[in-house]
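Number of protein chains: 2
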Amino acid sequence: MSTLLFPLREKPPRPSAPPDIRKVRIGLLGAGGVGQAFLQLCRREREFFLRRGLDLQPVSALVRDTSRPRQGMPPPALLTADPLRFLKCSCDVVVEALGGVEPSRTLVAHCLKARIPVVTANKSLVAAHGAELSALAQAHGTRLRVEAAAVAGVPFIGNLEARPLAGRFSALQGVLNGTSNYLLTRLSEGQGLEPALSEAQELGVAEPDPSNDLSGRDSAEKLALLLQRLCSRQVDTAALEVQPLANLQPMDLQAARLLGGVVRPAACAWLSEPPSPCNHRAEAIQAFVGPCYVPNGHPLAQVHGLENGLLLLKDAPHGQTAANLFYQGPGAGCEVTAATLLDDLWESVQDASDSRPASQFPAPQGPPATLQAPRTPWFLRLKADPAELDDILAFLADHGLHGRGSHAAADTVWLLTSRASRARVEAVGQALAEAAQSDILPLRALEVPHGC
Amino acid sequence: MSTLLFPLREKPPRPSAPPDIRKVRIGLLGAGGVGQAFLQLCRREREFFLRRGLDLQPVSALVRDTSRPRQGMPPPALLTADPLRFLKCSCDVVVEALGGVEPSRTLVAHCLKARIPVVTANKSLVAAHGAELSALAQAHGTRLRVEAAAVAGVPFIGNLEARPLAGRFSALQGVLNGTSNYLLTRLSEGQGLEPALSEAQELGVAEPDPSNDLSGRDSAEKLALLLQRLCSRQVDTAALEVQPLANLQPMDLQAARLLGGVVRPAACAWLSEPPSPCNHRAEAIQAFVGPCYVPNGHPLAQVHGLENGLLLLKDAPHGQTAANLFYQGPGAGCEVTAATLLDDLWESVQDASDSRPASQFPAPQGPPATLQAPRTPWFLRLKADPAELDDILAFLADHGLHGRGSHAAADTVWLLTSRASRARVEAVGQALAEAAQSDILPLRALEVPHGC
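Chains as they are written, first to last, in the numbering used here: chain R, 1 to 452; chain W, 453 to 904.
Do not take every clue at face value.
[Stated by the list, open to error] Label pairs and their in silico Cβ distance ranges:
hint, chain 1, residue 1, chain 2, residue 2, range
1, W, His-854, R, Glu-189, 22 to 30 Å
2, W, Arg-709, R, Arg-375, 32 to 40 Å
3, W, Glu-584, R, Arg-375, 51 to 59 Å
4, W, His-854, R, Asp-398, 54 to 62 Å
5, R, Glu-189, W, Gly-642, 28 to 36 Å
6, W, Gly-642, R, Arg-257, 22 to 30 Å
7, R, Ala-387, W, Arg-709, 34 to 42 Å
8, W, Ala-862, R, Glu-199, 46 to 54 Å
9, R, Pro-76, W, Lys-475, 51 to 59 Å
[Stated by the list, open to error] Okay, the calculated bits of chain W under chain R, using three or more residues with CB under 8 Å as the criterion:
hint, segment
10, 604–612
11, 616–628
[What the hints assert, rightly or not] Covered stretches of chain R (chain W as the covering partner; in silico rule of three or more C-beta atoms under 8 Å from a C-beta of chain W):
hint, segment
12, 47–61
13, 434–440
Since the hints were made in silico from the structure, they are not lab data.
Heads up, the beta-carbon is just placed ideally off N, CA and C, and yes, glycines get one too.
Here chain R stands alone, though its shape is the one from the complex:
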């Protein structure tokens, strides 16, 4: 065939570039667990990156207290508690692992204004100020990468930002907090919440102060981050329905198993319409965060222990089959987070000389999206005599809540119900408490999505 092809103008091969080693001066904001793991990783993978033409050179690390004992990893000369001194060090890229909103926000903003790309593992910062910082980065021709801030072990955020059709979905359902998933996994094995938490802290898989994990706040911030980066939607985490892990007992997890499911710390959002870059109206988003009954056929049921998982539900237009995407992998841990930060750093350095758009999804503008509580099935625990189950079911049905399955033991009954709003479930719970002195614990339940 090649004789046929003469009209195609063949261009000469480009001369291959010599394998220059490029020095990358790295500024590190924070040298706690993640920051130290990052420095260790830079040292361990030094040769690996040199072979790829990159000489990783940490030049400065801003910490709150330079005298705090650290495992010998950051050379003392690297450390400074003085933001001024940190910012005077010329950096090619900044890794933000301080956590919290300030001073991260101010420091990151200054770096971006100086056209220094920033990679961050800080979900609180991105959930609250990611939109303004991304807009700032874009205005100054640089970029804020956040892959390490949610489902840290699975790279997908930057990829979906770069692929318009794959990045289009109608709902997301995730297990975004490894610590609380670990605790619920231990509960399902019969362990109580308090001893499971102590054990997790000993193993280093729960923070000394685990309140952000237990309260659901960590998951809520990650959900806000994902909606911001993948759908151009800003949500106010304070307005989200967020339920804590508290009050769950091993027998709840056993009942869930007998009803064909598990309990997972879920973070879910349904979009009223597919996101679009030209669609900045604050459409209502239905969302919740909290422990949730997940039937065994649902992909999130397979996400055990410290793992994270994320299901992106896609509408099936034009009679096509649904094309859901599911990601599963380690959710956090200092080493995993550090590796993702270093991959983000690598991508930032590749970007430096090009003009790729930051994302197909522009930073959200305007007021936060309106949040609504979704109608879902429910998994209810009731203090009640199992002999009264029929009466209870009739009572619930009278209030529009239909039983779909039940399990009873001693003085407790667990029910799976039809879909209802939280308001309805709470009203029914109130009525039941008045009618039968019964105490009710309502957890939301997911359904096996179409196409799974």
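Given the coordinates of chain R, work out where chain W should sit on it, guided by the hints.
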């Protein structure tokens, strides 16, 4: 804090570019199912891409026979059977959906030499000639994208190529062929292979000629593609251990279920050491393709019907926990493949003006990797009297194959065994046939990986 920051030289925001609409002239190689779906998608998503600054303009489609009836989608003026005429149309990007090796290889090579980026859904082409074509693309400063050629509905190949640490793994285990997974799912529901195949053909989820799916060749080519793109390893698919679906019966799937697992069309490879761009030696790769027992705790057990799944197993160096990655989503289908081609096209167009390296993994060089058959557990079906189970187990144990579970029905026994090589299992099968006139069907079995 901002008063502290005066020494940081703040650079003025870059003026934001006007929203120019850029015309992209698309050449399409092939207008079969995928090609037609691609053209339909371009038309359906025209406004969506215009809002992102891209005017999709299919300008020519090379087909084998212009007179073949098509669903009215490609305007006849677009079609040509003349490669010369096709190549005369100036294209900005070429979408290859011809399938097969020639003339795809020649045409794609000519486009790449003319610095036209190519996106392809053609696993046969990439498995056999991807290395040479990628090297050609790199030499000419352009790129061959292959996201649509394996696990088409889940974007991960390009992403792992761009992320050095996430892209480092020690083994991969996949369900890469949706058609055969659909057939095995139907078998597990009691359907026979022949009727399941007819049904699949009626539903359009199996080709009129399904031999590449049933034989395992399609999976083998996809495995070769993944090893090439993600590990810089070339494998000769003819040298792979590939087993067909044939001979499986619904009762095998029922036995698997009773033994706590399922049967999946697997494609697996274990690397003897982590891939490295400076490591072009042809280390042995242990690999197999074929129907395989998968225990329920393994992520691939959850990959039903037409879905695909891919587990990347990561070593856990330095006492860290394993950080396996798992992807699940639609494996194929014309619409899914077309959407992935269009996302690849979008990425190709973004690339045009930049100098991002094609991949962290250079195209494989030198001879193909040496392939070895791995030692795995086995799922054996034996024609035998269940009363003789103890004798059979003793016989197998004498030959170094230890039973780990069994199920018996009528004149058949199913066994799960300890790890062994295929050679050993076949020798034992031979000995058993001679000693007891028993007939043996050996399927490989996977184990639940560490960290799952």
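Checked hints:
no. : hint                                : result
1   : W:His-854 <-> R:Glu-189: 22 to 30 Å : holds, 29 Å
2   : W:Arg-709 <-> R:Arg-375: 32 to 40 Å : holds, 35 Å
3   : W:Glu-584 <-> R:Arg-375: 51 to 59 Å : holds, 56 Å
4   : W:His-854 <-> R:Asp-398: 54 to 62 Å : holds, 60 Å
5   : R:Glu-189 <-> W:Gly-642: 28 to 36 Å : holds, 34 Å
6   : W:Gly-642 <-> R:Arg-257: 22 to 30 Å : holds, 27 Å
7   : R:Ala-387 <-> W:Arg-709: 34 to 42 Å : holds, 36 Å
8   : W:Ala-862 <-> R:Glu-199: 46 to 54 Å : holds, 48 Å
9   : R:Pro-76 <-> W:Lys-475: 51 to 59 Å  : holds, 58 Å
10  : 604–612                             : holds (count 7)
11  : 616–628                             : holds (count 3)
12  : 47–61                               : holds (count 4)
13  : 434–440                             : violated (count 0)
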